[in-house]
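Protein chains: 2
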Amino acid sequence: MAPGWRPRLVLRPALPRVALASSNGRIGQRAGISGRQLHVDHRNRLTQFWVPPPQVALKDAKQNEESHAKLVRAGFFRQAHSGVFHMLPLGLRVQDKIEALVDKHMRSIGASRVALSSITSAGLWERSGRLGSVKPELFQFEDRKQAKFLLAPTHEEEITELVAQSVHSYRDLPLRLYQITRKYRDEMRPRYGILRSREFIMKDLYTFDTTVEAALATYEQVRAAYAAIFAELRVPVRVARASSGDMGGDLSHEYHLAASLGEDDVASCRACGFAGNTEITHIGPDSRPARSGDDCPDCGAAGSLQVERAIELGHTFYLGTRYSEPLNVRVQGDQNTPATSTITPLMGCYGIGISRILGAVADHLADPTGLRWPRAIAPFEVAVVAAGGSPLAQVAERVYDELTANTETRLDALLDDRPAASLPYKLKDADLTGYPVVVIVGAAWRRSTATATDSSAPNISLDGLCEVQCRQLGLRQDVPLSELKTFVSGLLAQL
Amino acid sequence: MAPGWRPRLVLRPALPRVALASSNGRIGQRAGISGRQLHVDHRNRLTQFWVPPPQVALKDAKQNEESHAKLVRAGFFRQAHSGVFHMLPLGLRVQDKIEALVDKHMRSIGASRVALSSITSAGLWERSGRLGSVKPELFQFEDRKQAKFLLAPTHEEEITELVAQSVHSYRDLPLRLYQITRKYRDEMRPRYGILRSREFIMKDLYTFDTTVEAALATYEQVRAAYAAIFAELRVPVRVARASSGDMGGDLSHEYHLAASLGEDDVASCRACGFAGNTEITHIGPDSRPARSGDDCPDCGAAGSLQVERAIELGHTFYLGTRYSEPLNVRVQGDQNTPATSTITPLMGCYGIGISRILGAVADHLADPTGLRWPRAIAPFEVAVVAAGGSPLAQVAERVYDELTANTETRLDALLDDRPAASLPYKLKDADLTGYPVVVIVGAAWRRSTATATDSSAPNISLDGLCEVQCRQLGLRQDVPLSELKTFVSGLLAQL
Chain A
5 MAPGWRPRLV LRPALPRVAL ASSNGRIGQR AGISGRQLHV DHRNRLTQFW
55 VPPPQVALKD AKQNEESHAK LVRAGFFRQA HSGVFHMLPL GLRVQDKIEA
105 LVDKHMRSIG ASRVALSSIT SAGLWERSGR LGSVKPELFQ FEDRKQAKFL
155 LAPTHEEEIT ELVAQSVHSY RDLPLRLYQI TRKYRDEMRP RYGILRSREF
205 IMKDLYTFDT TVEAALATYE QVRAAYAAIF AELRVPVRVA RASSGDMGGD
255 LSHEYHLAAS LGEDDVASCR ACGFAGNTEI THIGPDSRPA RSGDDCPDCG
305 AAGSLQVERA IELGHTFYLG TRYSEPLNVR VQGDQNTPAT STITPLMGCY
355 GIGISRILGA VADHLADPTG LRWPRAIAPF EVAVVAAGGS PLAQVAERVY
405 DELTANTETR LDALLDDRPA ASLPYKLKDA DLTGYPVVVI VGAAWRRSTA
455 TATDSSAPNI SLDGLCEVQC RQLGLRQDVP LSELKTFVSG LLAQL
Chain B
5 MAPGWRPRLV LRPALPRVAL ASSNGRIGQR AGISGRQLHV DHRNRLTQFW
55 VPPPQVALKD AKQNEESHAK LVRAGFFRQA HSGVFHMLPL GLRVQDKIEA
105 LVDKHMRSIG ASRVALSSIT SAGLWERSGR LGSVKPELFQ FEDRKQAKFL
155 LAPTHEEEIT ELVAQSVHSY RDLPLRLYQI TRKYRDEMRP RYGILRSREF
205 IMKDLYTFDT TVEAALATYE QVRAAYAAIF AELRVPVRVA RASSGDMGGD
255 LSHEYHLAAS LGEDDVASCR ACGFAGNTEI THIGPDSRPA RSGDDCPDCG
305 AAGSLQVERA IELGHTFYLG TRYSEPLNVR VQGDQNTPAT STITPLMGCY
355 GIGISRILGA VADHLADPTG LRWPRAIAPF EVAVVAAGGS PLAQVAERVY
405 DELTANTETR LDALLDDRPA ASLPYKLKDA DLTGYPVVVI VGAAWRRSTA
455 TATDSSAPNI SLDGLCEVQC RQLGLRQDVP LSELKTFVSG LLAQL
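If you read the sequences in order, they're chains A and B.
If you're matching positions, the first sequence starts at 5 in our numbering and goes up one per residue.
If you're matching positions, the second sequence starts at 5 in our numbering and goes up one per residue.
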C-alpha cells in the first residue's frame with residue numbers, strides 16, 4: 005500500500021512504519037498497566053461511559069457559576085473552536101432524548117422524517133432571493149471546480165426544490181416533512197456556550213397544503229404539537245405573538261423560556277396570558293417597547309405587564325407561497341379544478357432548537373449545587389450510587405437490576421460503579437450532573453441489614469433500605485428495596 | 005417584527021404579507037381538496053410515510069438498471085447536488101438500522117459514543133502535518149474573521165486534541181471513543197450515487213492504550229466486532245491485509261464486499277482464505293499485481309488466486325503514536341513508572357462507511373426485479389399488502405397487528421394501506437423496494453373465508469390464509485393467520 009493520501013473511504017493517515025517497541029518502548033515491554041477496567045454487561049455503568057475527569061473540581065465551582073460552566077465541568081460537552089462544540093457521552097444522551105421527544109410529536113401529526121444535505125448551493129439561495137440578505141451569517145465555500153456552496157442554516161430552499169421535483173398532484177398533499185440535523189451560522193458573537201453556537205442541531209418541519217384554510221389548520225396542529233413537547237419538558241414556555249396576528253398576515257409565534265442568559269425581552273400579561281416580544285409589543289401614543297408595569301395592550305388590565313429576559317426555543321411561521329412561488333412548486337388540482345390550472349402549495353416552516361433546549365433547560369433549572377434535569381431529557385433518570393467496598397457494590401448491582409427490570413415502567417438508570425471514588429465524591433458528582441433521582445446504597449442499607457449474616461456474597465434482602473434523594477422535590481427518604489421501583493417511578497412522574 | 009434577517013434561532017424568511025386569499029384564491033375559498041389522508045395510529049402506514057410518487061415507473065425500469073437507479077426510483081434518497089444527497093424516509097430507516105447495528109457492536113467492546121464537530125480548524129491539521137497532503141480533497145472556508153476552517157473528512161486530529169486536554173493519567177486508559185456523523189470529501193469524481201459521495205455518514209472509532217501489547221489486543225477486539233457486524237448483515241465481506249502484516253508495522257486491514265460498482269481489486273485464495281488488495285499483493289520476480297489464476301503468495305496453492313471487483317466498507321488501522329506524539333497526548337504512568345516520565349498513548353482508528361454499506365449491500369443483493377434487503381437493515385422486515393376494497397383493508401390491519409404484537413419477537417412491519425393502488429401495482433412496488441418478506445391479503449384469504457358470513461365488519465378468522473412471498477428464498481406459500489407470525493419469524497431468521 006502506498007503511504008499517504010488516496011481517494012478512499014478511510015483517509016490513510018500517512019502512516020510511518022512504527023516499530024513494535026514504540027516511543028514508550030519500556031512500557032510496551034511490560035505486561036500492561038492496570039488502568040481503566042472495561043467491563044461490559046447489560047448495565048449502564050459509569051466506568052464504561054466516558055466522562056472526562058475530573059468531574060468534580062471543587063476549586064472551579066464558583067458561587068455564581070453559570071450553567072454553561074456546569075455543563076462543561078460535568079462533562080456534557082467541550083468547546084472545540086469558538087462557537088463550535090464536541091458533544092460528549094452525557095451531552096449526547098440528553099440530545100438524543102430531546103430528539104426522541106420532538107420526533108414522537110412530529111410523528112403524531114403525520115410528519116415524515118428526512119435528512120437533507122448540509123451542503124447547499126449558492127445558486128438555489130439566489131433563486132429564492134435570500135442569498136444577499138443573509139450573506140454575513142453564511143459559511144460559504146467553493147469546491148474544486150469553483151462551484152459555490154454554503155452550509156445550510158435552514159432548509160426552506162432545499163425542501164421546496166425537493167418537493168417541486170417530487171410532487172405533482174393534489175393527491176400527494178398535504179405533506180409534512182421534518183428533519184433533525186446540524187445547522188450552521190457564522191454568528192457575529194458566538195456566546196453562552198451552546199445557546200448561541202455556530203454549529204448546532206435544529207429540528208425543522210416544512211408543511212405543504214393545497215388551500216389557505218388547510219395550511220392554517222396545519223399551523224394550529226403544529227402549535228398544539230409544540231405545546232405538547234414543551235409540556236413534557238416541564239418548563240414554562242411562553243408562546244409570544246411575533247406578528248400582528250392578522251389571519252393570513254405574516255402569522256408567526258415564538259416559544260420562549262425565561263432564562264438569565266436570554267437574548268429576548270418578552271412581555272406577558274398576568275391577567276389574560278397575552279405574551280409578546282417587546283420588539284413588536286409597543287405601548288402608548290409614542291409606540292415605545294413595553295415595560296414591566298405597563299397596561300396590557302390586549303385585555304387592558306392596568307399595570308399587568310411583566311417583562312422578562314427569555315430565550316427562544318422554537319418558532320412557527322406561516323409562509324404562504326413565499327418559497328413555493330419562486331421555486332416553482334406546482335401541483336395539479338382535482339377534477340373540480342380546470343385542467344389548465346395548477347395549485348401553488350401553501351407552506352409553513354417550524355423550527356425547534358435541539359442544542360438550544362439542552363442549554364436553556366439546564367440554565368432554567370440549575371441551582372447553586374448543580375444541574376437539575378427534567379425526567380424527559382435527563383441523561384439518566386436515576387443514578388444508583390454505592391459506598392465503596394465490594395459487598396455494597398454487589399448490592400448496588402441488584403438495586404440497579406430491580407429498577408431496570410423489563411416491566412411496563414422500565415427506568416433508565418445509571419450505576420456509579422467507580423471503585424476508587426468515595427461516596428461523598430460520587431454524591432457531589434451526581435448533584436453536579438443533575439440526575440432527577442439518586443439512590444444511595446450505604447449507611448441505611450448497612451443499618452437495616454446488620455442482623456443478616458455477614459457473608460462476602462450475602463443474600464440480598466428485599467427489606468434492605470436504600471436512601472432516595474431528589475433535589476428538585478427536596479426529598480430524602482429511606483425506602484425498602486421491595487418498594488423502591490414503585491417509589492422512584494412515583495417521583496419521576498412529578499419531574 | 006422587522007422583516008428580514010436577524011441573528012436568531014430561526015432565520016426569518018423575509019416574509020411578504022400574504023392575503024388570506026392566496027395566489028390560489030379560488031381554491032382557498034373552497035372547503036378544501038381531498039388529497040392525501042393523514043391517518044395517524046400505532047401502525048406504520050405507507051400512506052403516512054412519505055415515499056415520493058411515482059414509486060413504480062415501469063417505463064424507467066431498464067433491463068440492466070443499476071442498483072443506484074433502483075434506490076432513487078424506489079424513493080430511498082434523491083440527489084441534491086453532484087455527490088450530495090437528501091435521505092428520504094425509506095433511506096433514512098435503512099441508515100438508522102445500520103447505525104443501530106454498528107452502535108450495538110461498538111458498545112459491546114466498551115466504546116463510548118461522542119459527536120465531534122464537523123467544523124475543524126486548518127491550524128489543527130497543520131499541526132498533525134496532514135493539511136498539505138490532503139488539501140485537494142478538503143472543503144475549506146473562512147469565517148467572518150478570516151479564521152481558516154475545513155469540513156472534517158475524518159477526526160484523528162480533533163479526537164486526539166480532545167483526549168490531550170481531557171486525559172492525564174493511565175487510570176483513564178484504555179479509552180475507546182466513536183461517533184457516527186457526516187463526513188466531507190471533495191471527491192474528484194463523485195459517482196455511483198452514495199457509494200462515492202461528497203457528504204456521507206461514517207462511523208469512526210479511535211482507541212487509546214498505554215502499551216503496544218494492549219493497543220494490539222484492542223485492534224484484535226475491534227476486528228472481531230467488525231466480523232460480527234458484517235456477519236449480521238449476511239453479506240460476504242472479505243478481510244484483506246492492507247499492509248505487509250508485520251506485527252507493529254503499519255498494521256491495517258480492509259473490509260471488502262464484492263460489488264460490480266467496486267473501486268478495488270481484491271485477490272483471494274480459494275485454498276487458504278488469504279485475501280489482499282492487488283495494490284499490495286504482488287506476484288513473481290517482477291512484482292506485478294496479482295491476477296486470477298496466480299499461485300497464492302501465502303499458502304503457495306497453484307492457481308488458487310481469484311481477483312474480484314470489490315468495494316471497501318471499512319478499514320482498521322493501528323496508528324501507534326502517529327497523532328498522539330505531534331498533538332502532545334501525555335499521561336502519567338502508575339507507581340512503577342518514574343514520576344518524571346509520561347506515557348504517549350498508542351492509538352488505533354477504525355472506520356465503517358454507513359452510507360456506503362447502504363449502497364453496497366443494495367448493489368450486492370439486487371436482482372433484475374428490484375432491491376433485496378437483509379433483515380438487519382431492511383427499511384421494514386415485512387410488508388402487509390391488501391387487495392383493494394374495504395373488508396380486506398380491515399383484515400390487513402388485523403394481520404399487521406398480529407405480526408407486530410408486543411411479544412418477544414416483535415416484527416418491524418409496514419402496512420401498505422394505499423386505497424387507490426391496485427394489488428399488482430403494490431406488489432411490483434414491494435418487489436422494487438425489497439422488503440425481505442411480503443404478506444398478501446387477497447385471493448387466498450377470500451377463498452379460505454368464503455363460507456363465512458359476508459358481513460361488512462366480518463369476524464376475522466384465524467384460519468384465513470395469507471400468501472407469504474420471499475424472493476430471496478424463492479418462496480410463495482399460503483399460511484393461516486394463526487401461524488403467520490411464527491412462519492414469518494422463521495423466514496426472517498434466514499435473511
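Watch out, some of these pointers could steer you wrong.
Below, a list of computed lysine-lysine pairs in the PhoX-like style, where the Cα atoms sit at most 20 Å apart [said to hold, decoys possible]:
| id | chain 1 | residue 1 | chain 2 | residue 2 |
| --- | --- | --- | --- | --- |
| 1 | A | K152 | A | K139 |
| 2 | B | K139 | A | K152 |
| 3 | A | K152 | B | K108 |
| 4 | B | K432 | A | K139 |
| 5 | A | K149 | B | K149 |
| 6 | A | K139 | B | K139 |
| 7 | B | K152 | B | K139 |
Please keep in mind that the hints were generated in silico from the structure rather than gathered at the bench.
Hint by hint, here is what the structure shows:
1. A/K152 with A/K139: holds (13 Å)
2. B/K139 with A/K152: holds (18 Å)
3. A/K152 with B/K108: violated (39 Å)
4. B/K432 with A/K139: The hint is violated at about 47 Å.
5. A/K149 with B/K149: violated (25 Å)
6. A/K139 with B/K139: violated (26 Å)
7. B/K152 with B/K139: holds (13 Å)
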